[in-house]
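K.L.:
Whenever a hint applies, use it, and build me the whole structure from the sequences.
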Amino acid sequence: MRRRRENSAPLRDVHRPRLGFMHRATRQFEWGLAGAWGLLFAMAACGPFQFQEWEGGTTSGGGSAGFGGAGGSGAGGSDQGGGGSGECMRGAERDCSTEKAGECEAGKQRCLDTGAWEACAGAAEPQPETTDPERDVDCGGTALIDAGLLVRYYINEAASETAPAHLLDATPEPVNLALNYGNGNLSFTEIAGHKALSWSTIDDQGMASASLVGTKIRSALGGATRLTLEVVTNVETTSNNSPRLVALGFNDGLQQFNLYIRNGPSRLRLVMNEQEANTWPLSTPSGRVVLHLVMDTAQPSAADRWRLYRDGQLVPGALPGSPLPEGTTLDLSKPSSLVLGNQLAGSRSFRGKLYYVALYSIAFEAAQVAVNAALLTDNDDDWSLPRETQALVPPSPR
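Note that my numbering gives residue 109 to position 100 of the sequence shown, counting from 1, and the numbers run on in steps of one.
It is worth saying that the hints were derived from the structure and are not from the lab.
This structure is a prediction, so every number in the text was calculated from the model and none was measured.
There are no misleading hints in this set.
Straight-line alpha carbon distances no greater than 25 angstroms define the calculated SDA-like cross-link-like pairs of lysine to any residue that follow:
# : residue 1 : residue 2
1 : K343      : G231
2 : K225      : N185
3 : K343      : Q214
4 : K343      : N189
5 : K343      : D305
6 : K225      : R161
7 : K225      : A307
8 : K343      : I371
P.N.:
And the structure:
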């Protein structure tokens, strides 16, 4: 036992300095820990401590009672402080994905505890349009397909024998068309519940027109390889003077995208950049028909670059001997105009009716043509409900 005590004394002497150092380190750690807790309690007394922009402003500081950024107001900070966006506040919600329009519904996002927005949930997003005239599935504002829509003229401004000054474009940033009633050969009419512009004589002056300078049409279609022209018409008679149905042309008379009617035999002909692009048969009187002229010059087959549909059905065309090449672009490089029922200089009116005209910056697929053709066959003045049920069915709540 004594030997053990004698041997233990030197051990205590050797280790005493190290034990003293550890003791001092332990005391310093305890003091530091107590100080840290004290600092945290003091900060908690002043306001919330967080690294995200929950309370407005940036994370770099703000009012004395909260992190409101340079524009914060102190008591927690304003969520609109000039020091930050305040977009994600703890527990806040916001709409996401899409706006309420047609059948579309905005989803919801909640601000998470991490200061980030969670994934959008519950949104009803745009879908391909259907032939149900009570539904706006693509949420473009109408039952018609609105993808790529540039201008749309319902030609429903007036009753028979009245003379408004313009045809109104039903799209944003409208390109309204000035009406020139010529020698009295142009007037509004209504036939079987369908309003229209009526040209009573051929090769006369009446027209609806607008300059394209500075317009969305010029911006979208100048240099374009794709477009869709949508027309509801009744061509009653034509002539060898090539009366115009719809014309996009230079103001000096050059034909850049002109759809006109020819005799012998009666047919529709498209001229693009002053060259014949394609021709399709059209008997006259045509009766009221829905026409879709679809251009996609990027197609490798010349027959597919310009397609005509009548009431949703593809009409075989006849190409010229030297078709326009693949990738041809629409030249609107000089001051140009859009003219309905004539050319800008006049004397190229057809005899018949125009019920509706629209232009799109995309090339419609056959299914899209079929949807709009079905709707317009029934109703070219008011897309919202089928004509036979307008008096019976209340507006859709969708």
